[in-house]
Each structure stands twice: as structure tokens, then as C-alpha cells.
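Modelling step: build the complete structure from the supplied sequences, incorporating the hints.
So the chains spell out like this:
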Amino acid sequence: MKTQDLIKQLSANARPVKPLAAPELRFVLWMAMALGVTLCCMFIMALIGVKFLGQSVDWVRRLSSPALWLPGALTLLMCASVIYFVFALSVPGKKTNWLGFTALALAVAWIVSITAPLFFRRLAPLDSGLLCVAEIVVLTLIPGIVLLRMLKRAAPLATRKIGALAILGSLALSAAGSLFLCGDEDPLHELVWHFLPVIILTISGLYAGRYLFSYVNTLKNNAPAQK
Amino acid sequence: MDPQRDLELASLLIKAQDGDKLAYERFLGEIARILRMYLRKRLRDGDQVEDVVQETLMTVHRVRQTYQPGRPVGPWLYAICESRRIDFLRKVQRIQAREVPWEDEFIDFWVSSDEGAPEDADERIDAVQAALANLPEKQKRIIQMLKMEELSVKEVAAKIGVSESAVKVTAFRGYEAIRKQFKS
Chain A
1 MKTQDLIKQL SANARPVKPL AAPELRFVLW MAMALGVTLC CMFIMALIGV KFLGQSVDWV
61 RRLSSPALWL PGALTLLMCA SVIYFVFALS VPGKKTNWLG FTALALAVAW IVSITAPLFF
121 RRLAPLDSGL LCVAEIVVLT LIPGIVLLRM LKRAAPLATR KIGALAILGS LALSAAGSLF
181 LCGDEDPLHE LVWHFLPVII LTISGLYAGR YLFSYVNTLK NNAPAQK
Chain B
1001 MDPQRDLELA SLLIKAQDGD KLAYERFLGE IARILRMYLR KRLRDGDQVE DVVQETLMTV
1061 HRVRQTYQPG RPVGPWLYAI CESRRIDFLR KVQRIQAREV PWEDEFIDFW VSSDEGAPED
1121 ADERIDAVQA ALANLPEKQK RIIQMLKMEE LSVKEVAAKI GVSESAVKVT AFRGYEAIRK
1181 QFKS
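Listed in order, the protein sequences are those of chains A and B.
Counting from 1, one number per residue, gives the positions in the first sequence under the working numbering.
Counting from 1001, one number per residue, gives the positions in the second sequence under the working numbering.
Simulated from the structure, these hints should not be mistaken for laboratory data.
None of the values given here were measured: they were computed from a predicted structure.
Heads up, some of the hints might be wrong.
Pairs of lysine-lysine, DSSO-like flavour, derived with a Cα cap of 27 Å [what the hints assert, rightly or not]: (1) B:1091 to A:152; (2) B:1168 to B:1138; (3) A:94 to B:1015; (4) A:18 to B:1021; (5) A:8 to B:1015; (6) A:18 to B:1041; (7) B:1091 to A:94; (8) A:95 to B:1168; (9) A:2 to B:1154; (10) B:1138 to A:94; (11) B:1154 to B:1140; (12) B:1091 to B:1021; (13) B:1140 to A:2.
A short list of chain A residues far from chain B (calculated; beta carbon distances all over 12 Å) [unchecked claim]: (14) 6; (15) 111; (16) 201; (17) 204.
Even glycine gets a Cβ: it sits at the ideal position worked out from N, Cα and C.
As C-alpha cells, then:
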């Protein structure tokens, strides 16, 4: 097809579109929604644990334990920086270098906070933490789906990078929440059942991103949001 | 990009976002010219330039809602173009890694001495001519036009009224038939 014909076709098919909100606003909206949903889900899960599974939880101790709130806080900070980075990346031409460095620095700090105690603390035998993995996945569902829909409205041209980072950001929030739901302070447990599932799923995001956002390269059924 | 030019493009794009088709057509025409100049410095093949221009225009159409009024158009446009250029080159590399250029088939056959063809170049040419005479008329004619008259695939296709792919496939079958004659 000649370029001039393509231009005529595209302009003939053009409909009004609503300009996307600034990435900063989209980030704030998503974080507020995700935090709210995660806290509600955590509350429901804790209630189920107490009512039906006979769990007894000392929330004051849990929330004040440095072994939990330090990695939890770093995980949350990393989540925020990665999500902001992802929203900025999905707008072509937006300068993202410093955002990338910040996200990377916080990710490194997060990794250190999880792995460093392995060398300094006495480790308990590794127990089954599949419930923790399930909690992380369940807590990620709604924020993850909303994030995917918000990114699809933008321009996720770097499909693999954005796929991996979107998964990392949404999982990180859930991983922070699951640390407190679980309450197990053993570093080996945190590494295997809270940290590794996030890493594995993030790597899968590199491949998933290519398919989740491949639509951006085609025009079929992909009209942008109308006014 | 020149600030004045950027402002003009921004104005057209904002109108396009509001649904003004004429402004949008003008915007796309302007950016097609800009992109061609930009890509000519970064791609060797003229056909590739036009392919990437079209891919960029389609992506601009798909993501035009991401342009924020008040911001310069240049960085937005060039970011989309660069992304499409890199994706295009990756696609070309993947295809080239899987495929053997069809010209090499003939060259390998022509220079190979283990296909049953004579060692001496003149004898080889005579042998190929004799083998050509045994081919179906269409294959013979196409190979003669490509190799003896040194026409391009495009020229041969235009001359005999078939597609370029058909020319390549017919020529390839002719080379295979000649190779089989030598082997037997």
C-alpha cells in the first residue's frame, strides 16, 4: 500500500479521542486503588483465617516487627517506583532515565533486605509456603487487571519491559501485604515463598508482555478510547 | 525539530484528537515527510524507510491519545519512530537468520564442483546451456532473463506479467531441475 493511501485511510477512520491523563495522575489513582483493594483483601483473608482456620494473630507484634516492616516498607517503595516508571514508559517521549535508576536502586535495596538476613540470622527448616504464594497471586489479581487495562489505553511500545515491570510492580504490592498476613519472620521462608515467586513471575512477564501488548502494533479492533 | 514546526504539528494533532479529519490528514502527511528524512540517515534500504514510515503512522494512529496537549510533538513522535525502527530491524534479522537468500541458491549451484557439473568454467557454461534447453519454456525463459540478460526480478516480473514471488519460485525450480540433471 502506498503511504498516501494509508494516510487517507487512517484519516478517514479517525474518531475523536480523549487525551490520556498525565502518568503522574494515573500512578496516584492506581496506587490509591491498589492499596485500598489490597488492604480490604488482607482484612478479609485475616478474618477467614481467624474465623474458619482458628488462627490467632498478634497484629501489634507483627506490625512492629522490624523483620517484617523493613522488607515490607522497601517492597512497597519499590512497587511505587516501578509502577510510576511503567506509567511513564507507556507515554512515548517521556524522559524516564532517573525513574529507571530509582526503581533499580530500590529493587536492589529490596533484594538486599531479603537476602542479607540469610547470612546473619539463624534459619529455621523450610516449611511449605504455598499458601503464601496463593495469597500473593490472589492479592495481585484486581490491581494487576486494572493496571493492565490502564496500560493498554496508553502506548506500551516496549512490550517486554513493560510487561515484566507491570507484573513486578503489582506483585511487589501483594508480596508486601502477604508478609504481614503470613507473619513468618524466617529469612529463608521470606526468600523462597515471598521473594522467589515474584522474581519468577516477573521473568514470565518478559514473554507475557509481548503477547499482552502486541495489539499496539496492529490496527484491527484496536481503536483508541473514544470521547 | 524546529520549535515553530513543532507548534504547528501540535496544533494539528490537538485538532485531530478532537476529530478533525482534515487536520489529521495534514498532520500525517507532514510527519511522513519528517520521518522519511529522519529514517534515511538510519536505514540503508529505501524500501525499509517506507515500511518503517508506514508502521510509525499506524502506531501514531493507534496511540494518538497519548500525546499530551502542551508538550512538544517531536520527542513523542521520534520515540514512536525509534521503537518501530528497532522492531522492524529485529524482524528483518529474524527472517534473515531463518532464510537463505534465494540468489545464493543459484550461485552455490553455479560454482559448486560436487554437483556433477564440469570443473572447467566454459564447459560448465555449455553444460548449463544444454540443461537449460531441457527445461520447460517458462523456467528457461525466466533463467535466461535473470542470468543472461541480467534483468532484475522486478523487471522480469513486469515483462512476463507475473508477481516477483512467482519469478523467484519458477527460477528456483529451474535451478533445482538443472542440478538434478547434473547429478544424474
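Each hint, compared with the structure:
{"no.": "1", "hint": "B:1091 to A:152", "verdict": "23 Å, holds"}
{"no.": "2", "hint": "B:1168 to B:1138", "verdict": "12 Å, holds"}
{"no.": "3", "hint": "A:94 to B:1015", "verdict": "22 Å, holds"}
{"no.": "4", "hint": "A:18 to B:1021", "verdict": "15 Å, holds"}
{"no.": "5", "hint": "A:8 to B:1015", "verdict": "17 Å, holds"}
{"no.": "6", "hint": "A:18 to B:1041", "verdict": "34 Å, violated"}
{"no.": "7", "hint": "B:1091 to A:94", "verdict": "25 Å, holds"}
{"no.": "8", "hint": "A:95 to B:1168", "verdict": "47 Å, violated"}
{"no.": "9", "hint": "A:2 to B:1154", "verdict": "17 Å, holds"}
{"no.": "10", "hint": "B:1138 to A:94", "verdict": "57 Å, violated"}
{"no.": "11", "hint": "B:1154 to B:1140", "verdict": "17 Å, holds"}
{"no.": "12", "hint": "B:1091 to B:1021", "verdict": "32 Å, violated"}
{"no.": "13", "hint": "B:1140 to A:2", "verdict": "34 Å, violated"}
{"no.": "14", "hint": "6", "verdict": "6 Å, violated"}
{"no.": "15", "hint": "111", "verdict": "29 Å, holds"}
{"no.": "16", "hint": "201", "verdict": "25 Å, holds"}
{"no.": "17", "hint": "204", "verdict": "21 Å, holds"}
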